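Undergrad: Here are the chains, one letter per residue:
There are 2 protein chains.
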Amino acid sequence: MNFCSNCGERLVVLVPPGDDRPRFVCNACETIHYSNPKMVVGCVPELDGRILLCRRAIEPRFGKWTLPAGYLENGETVADCAKREAYEEALARVENLKSYALLNIPFINQVYFIFRAQLANDDYQAGNESLEVKLYRTDDIPWSELAFPVIREVLKLYCGDLVTGEFPFHMVDIAPQTGMGGAHQ
Amino acid sequence: MNFCSNCGERLVVLVPPGDDRPRFVCNACETIHYSNPKMVVGCVPELDGRILLCRRAIEPRFGKWTLPAGYLENGETVADCAKREAYEEALARVENLKSYALLNIPFINQVYFIFRAQLANDDYQAGNESLEVKLYRTDDIPWSELAFPVIREVLKLYCGDLVTGEFPFHMVDIAPQTGMGGAHQ
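Those protein sequence lines, which keep their order, are chains S and X. In this text, residue positions in the first sequence follow my numbering: the first is 67, and each later residue adds one. In this text, residue positions in the second sequence follow my numbering: the first is 67, and each later residue adds one.
I should point out that these hints are in silico values taken from the structure, not numbers from a laboratory. Incorrect hints may have been included.
What the hints assert, rightly or not - Covered stretches of chain S (in silico footprint by chain X; criterion: 3 or more residues with CB under 8 angstroms from a CB of chain X, positions within the stretch not fixed):
no.	stretch
1	140 to 151
2	172 to 184
3	230 to 240
Please read all numbers here as calculations on a predicted model, not as lab measurements. We put the beta carbon where it would ideally sit given N, CA and C, even for glycine.
All chains should be modelled from the sequences, with the hints used to inform the complete structure.
TA: Below, the structure written as structure tokens:
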């Protein structure tokens, strides 16, 4: 961040009065420019004991498998976002959403919020951001071909809960990874 | 948003290729400037059947009562944020955090995430952003003097759950209000 998005002047970095950390500040128009984590929202879409995964048609992690999820948009609830992403990435309608997990990824300033959801029917296909979409039995999840550690973590929680039949709300902190082909998450 | 924070040129509003909604875009350096909802994180601090409320020393809603909560910062987990806010606003140490509720406020692009938490001890006092802090029995909650509808909603859920003794994870959408003294939440 170099310039003030309000007036166009150069920004400085300083701790504003009453604050406790450095911010980008415009001395010309006195705007403080805050930067905060973004929410990524998605779901585990279920149908007859299987879950729907999407193979990414976009970078990062082109060709790897993921759950339908994406950035929460302004004006949107988290449930709306999960439904929109399932439709955009898998042309799938999901319903009966249940809050399932929050995953912190503080080193990239992201918070994932994940629902469990039911696929309304078996009418789905790859959206623009997917190469293919496929229902997987949990025994067949392509663990070595998952796009991100956060997705692996959600699926591990889910498979574990399937064993007990109980799906409590989970909170997990994701640590930086060195493996996964250099993925930054 | 008028100017590019990267290069300082004037921004335009357009739907980028592959996107489905208007964004602020810089034609000079080709940066797309996304705007996304912010997370506000806090807790219901409990001690011996009472809960800690803070009377705001800042606008908006100066002088009104609220739960300790604030914007999630970069590099922070939601649990870290809830603990930090309890300390900043009430000089209180909270522990044993349990995920309790997510509240969507889409018309102001906010998502509240609220924990239940235990006060570590009765050592607390007003921080810089509070006029006073006080332990309230649920029978004595100052309902007409609460700062925001979202706080009222959390406290209503909490009082309801106290009756059953069960505290499931809640998800609530907050609607625009016309009362509450014109508060925009």
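Undergrad: Are the hints correct? Go through all of them and say.
TA: Cross-check of the supplied hints:
For the stretch 140 to 151 of chain S, the stated coverage by chain X holds: 7 residues have a C-beta nearer than 8 angstroms to a C-beta of that chain, and at least 3 were required. Coverage of the stretch 172 to 184 of chain S by chain X holds [criterion: at least 3 residues with CB-CB distance below 8 angstroms; count 5]. Note: the stretch 230 to 240 of chain S has 3 residues with beta-carbon separation from chain X under 8 angstroms; the three-residue rule is met and the coverage holds.
Taken one by one, the earlier hints all hold for this structure without exception.
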